[in-house]
Amino acid sequence: MMFSGILLKQRSAIRGVALAGLFAAIVLNIAETYGFHLFKVDIKNMMHFDRFALFFNTVAMICTFIFFLLSAKEMEKVGLNYADYFALIFFIICGILLSSSFSSLLILFLGIEIISIPLYILTGSDKKNLKSNEASLKYFLLGSFSTGLMLMGITFIYGDAGSFIVENITSLSTPDAKPSILLIAGLLLLMFSMAFKVSAAPFHFWTPDVYDGAPTVFTSFMATIVKAAVFIAFIRLFNYGFSGIHESWKFIIAIITALTLFIGNITAVFQQSVKRMLAYSSIAQAGFMLMAVLALNSFASEGIILYTTAYSLATIGLFAILVKMKDYTFEGFNGFAKHQPLLAAAAVIFLLSLAGIPLTAGFLAKFYMIKSVLDNGGFLWLVILAVLMAAVSVYYYFRVIQAMYFKDGEAQAMEISVSFKGVIIAVAALVILLGIFPQLLLNWLYF
Amino acid sequence: MIALLLILIPLLSGLIAFFLRTGNAAKGWALLSSFATVAVSILGLTILSKPELLQFKAAWLPGLGSNFSVRLDGMGQLLCLLTAISFPLIFIATWSRQYKNAHNFFGLMLLSQAGLMGVFLAMDALLFYFFWELALIPVYFLSSIWGAERRIAATFKFFIYTFIGSVLMLVGLIYLQSQTADRSFDIDAFYKIVLDNKTQNWVFWLMFIAFAIKVPVFPFHSWQPDVYEQSPTAVTMVLSGIMVKMGLFAIIRWLLPVLPYSSFAYGEKMIAMWTIVGMIYASLLAWRQDDMKRLIAYSSIAHLGLMVIAIFSETELSMQGAMLQMFNHGINILGLWVIVEILERKYGTRKLSELGGLAQKAPAMALLFVVVALANIALPLTNAFVGEFMMFTGIFTSPISEYELFTVPAAGITIILGAVYTLRMIQKVIYGNTNPLTETGTDIGYNEKLVLGIIVIMIIAAGVYPKPFLDLTKDTTDLILKEANIIPVLVK
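Residue numbers (the numbering used here), protein chains in the order written: chain A, 2 to 448; chain B, -16 to 475.
Here are the simulated lysine-lysine pairs, DSS-like style, with alpha carbons at most 30 Å apart:
no.	chain 1	residue 1	chain 2	residue 2
1	B	Lys344	B	Lys334
2	A	Lys408	A	Lys422
3	A	Lys422	B	Lys83
4	B	Lys140	A	Lys408
5	B	Lys83	A	Lys325
6	A	Lys129	A	Lys325
7	A	Lys132	A	Lys74
8	B	Lys329	B	Lys344
9	A	Lys327	A	Lys74
10	A	Lys327	A	Lys339
11	B	Lys432	B	Lys83
12	B	Lys457	B	Lys40
13	A	Lys327	B	Lys83
14	A	Lys78	A	Lys129
15	B	Lys334	A	Lys408
16	A	Lys139	A	Lys325
17	B	Lys140	A	Lys339
18	A	Lys139	A	Lys128
19	B	Lys432	B	Lys450
20	A	Lys78	A	Lys325
21	A	Lys129	A	Lys139
22	B	Lys457	B	Lys252
23	B	Lys334	B	Lys140
24	A	Lys339	B	Lys83
25	A	Lys339	A	Lys422
26	A	Lys128	A	Lys74
27	A	Lys408	B	Lys329
28	B	Lys181	A	Lys251
29	A	Lys408	B	Lys83
30	B	Lys411	B	Lys334
These are calculated hints, taken from the structure and not from any lab test.
For reference, chain B alone in the conformation it holds in the complex:
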């Protein structure tokens, strides 16, 4: 029931939002609905956390062996919580921005939330594919209608990219379904599939390309900075905070346990190497950016790369770290985008070269900004430190990695580079002298303080006491590692 509500609330309220006459009514409605989702999600974590409440199953396409089957497991809980929390924060942070045809804007936002929830909840491969696309289409329209000047070309590239990935994944899913014992799309049936190594290899690529484009993993990343830059900031928050997690999530849930052999054969060697190259490359690019949106976009490629490596090294530590970090990264990057949104609204620019000296004019913002930025560098006491530390340890101790002596230091370099570009951003924006543009700056308002305050509290809380999160994801981690375990096969 909880699982169903998490999809239905945003879906229905999104549809209703299209029919609201005024933009302000739609804005209020969207905020109300997103609070309801948060409430349901927290209830699902606490008092109503009973197995029979967390799942829902109904016949859907019996001829095809597909059911409408949704269930909340640990990882699903965590990511649904992230999705639920992000939307009200996004709405509050962008409260004072006026959109043309605002009712359509908020309707599409809520629809994309419904799609994201569905992706994290679906326990049926075809249903998963449905939601995977459902999350994409509203975002495409949001970015293309309300985006910046070069939006049409950028979002179109994004759409074609992801669509190619999705259809290849669809072929892979249909093939896998034809290999299940009872011809069903159910996730348990998928986990039981046994394929020979050669078949696994080509199915792996069909599926992995779709996920790699979403993350994005290095050679498939070229859509990302343009789209982040051109989209309205509220949409960029959805894209970078939650949507990229779809790719990581799908690797964990739909790739490792289903195709264990090729995940091992490619994941730990070839893909880890690509990712390392991509991380260093993206970090260097982030260092040289002048536009804050592009800087954060590149930094996000670097952070997500580490999670990909951690997932493929298949230890309990690295897997738990990656899941925790998926949540943390969503919160941290949301904080950074909120800062960008504030700066852009106040000063009309996102360029580092045109900002400066804001610590004098907006001390509250400067303080909150520094905390969020430190979390981006993964300083101890912040949430990202826990995640990254676990991931590094996991990669280093992984029984299946062979190149950890190369991987870990190389990834470590990107952490240093992360400090370089993040501190450079802080320095250029809030320190130094004021210029004519920032001379008249004022501090942030209550709603922005509220949003950033919540984010900072979550950063510190998860950094000091991450145990609840780790307990939550334990069941998923154990299941995935059990299904993906190929060591007995290798030893034989």
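Just chain A, same shape as in the assembly:
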């Protein structure tokens, strides 16, 4: 297990230390995956580091690394407490590690809270901006409410099963007996609070305001890596804890998925600002990821890794470009391709990936999701709704492409360094590579 160190307060070296620290964490995590332990702590079965969790940790930290490379400089513009932002992000990563590897509900709760509390602060970190403050307060109030729901749910489940360990929840009751009302109530409360954290409809109302209000660099982090981690926790919880009573909650998840897809996509169509559009698109993408929770088979677990990776890479890249723009509306992108052909081409690849066009990672990710649901049988209506909504998503993603390539205008961008361009191109190349050879990523799950 790796816990991040507390960072220095020297402003100039902070970035370097953060990158080095994260790199060390990645190396240690990979070493851990292959059976090399730096130290051992007795965790009393509260956590379980399996292949899936460790692999996801690696992916999440690599994505964070890319995020630092692209956006660390931009964080300086947010406010004065530069070091604190890094420290908070490291806390979040710590929370991610906890929530991806929990085997006790208590650790799940701790992990989710360690993720959430720094996020409340990061959202409000632009102190002079009223919108940022408003977003932070909103997020905090609603977030604590959902935390309350989660605690309540955990209590109910403890009342029924007498244990916090997820494997024990349903294994104690006999398979054909009806699950008790306490268990069902607890399950629903947990489901709703997790749905809140991944911004699934109808628990999504905080998302657009928070994503829009938060400083753009942090929105990028929130919308990608954090969301992915909560999804992994979601899947893990339902896979280990409740797969025995799959039949009883499957339909509710299907309804939530359908609502999320519908509301996210349809609302995104009407947005004027690219940032807000991306907020709604992240709701829409969450709908697709929920299909993995619905299916819970081997395709789903491979698929969710691929999906979170594809989605995180593309969204981090897009936000990194967005941060450089002076005007966040669609019109602000007019003629961008003429001034920055390379960046525009990379942005096209990211958008195509989000829309799920073949040859990009996003296509295979969606493919895995659809396949995992179809393989279980049933829910054809959901799959058809999902693909139709994917077609709707083409509408708003392509508006950006149209603005960049087909319309004339003077897209204003800030100074862009060569290394920034290099990283963006590398990320875009990675998206294409994963779109053709997903095994490059997925094989690590097994070897």
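With chain A held as given, fit chain B onto it using these hints.
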């Protein structure tokens, strides 16, 4: 190896074209690469036509049961030949047109060629889907960047339309894969699937809508005239000459043999009726058009409709006729577009009402134009006559059709209407008196004579001696008819 080369040459040279500095270099490069493709394609038809050379298979996504598997069969040979021949002709015919950022233009053109080749070669359903989209994306960018004024809205409609179709098809393909014995996307595994009638019906619609949008079959056609009109002519040639064949091709290869029952249940009745309505409607619209591009677009809906009916009537004659006609229609419509391109470049207009009297000013063009137009009407001695005659005979003698006494005459009316609108176009453009615009007209140059000459030779040659083509498509026809045969099931 041949199969792989047909994809790789345009793909790689397309990628290289993006990095060429000047537009002229890119133009030359694109022409060179397209000649190489023609050479490979002809080699594949003649000396190197050995089974082991015509296919290629490599592991691709083992976890999903999908392989990179490409093979040239008869129908594939024919359509790859069409794709290979069309591109150099397009490049030569539009040689003197200047594009902004020409290296990107030619790069995207070659990429779309690679996608088209892939569609015709893929023997794996997932790979087929990949190429299906790969062919679409470059064309979308080509039309949206270099198109006319209303391009953005028109191409966007086109993209959304086809994308909805493709994703529904994807659901269908994934479902079919889950029904195969060994969970693979391989075409042979798909052909072995046996589904009950009810399941076939809904899978059929998932897949057919995608193909119908591409063709386009009547209620799904509304994207087409706008896109043809707004795209640069070189792209319109690709779209109408080759890309619409993707839909027909997919019906033959991926629909009839896989879902024989519902292809029979819907194809011969409901879809044939829609198509008839669409053909007559499109022919009437073509008659009233003033813009030549829109006229040809509507006429293309009518011609393709007949091929759809022929394919669904599932006889050897109609199937062979449809395949032959896919090739012929590609050549003929290419000829018509070349004429439009010449007229537009010389006189700055495509409107019938503003042209006239060109027979006096440009006799060579007038002659070649008339031959191409006659082929569009399917006059005997031209290639289209052979195809249409075979299709009509096939539909009429089909054991599974029940309404052939209605279908054939109704489709026959559109042939008459075809003569009406095509001759009207000829009359307005090349006969009559010259007007101030055409007063100063000159005849066409060497490269245009060359292109139109080649097209006319192919029209006549295939019209007089179509046997090589029919021999070529025989294997595919037999296979499809065997797999799609439901008569024993019905008799039982």
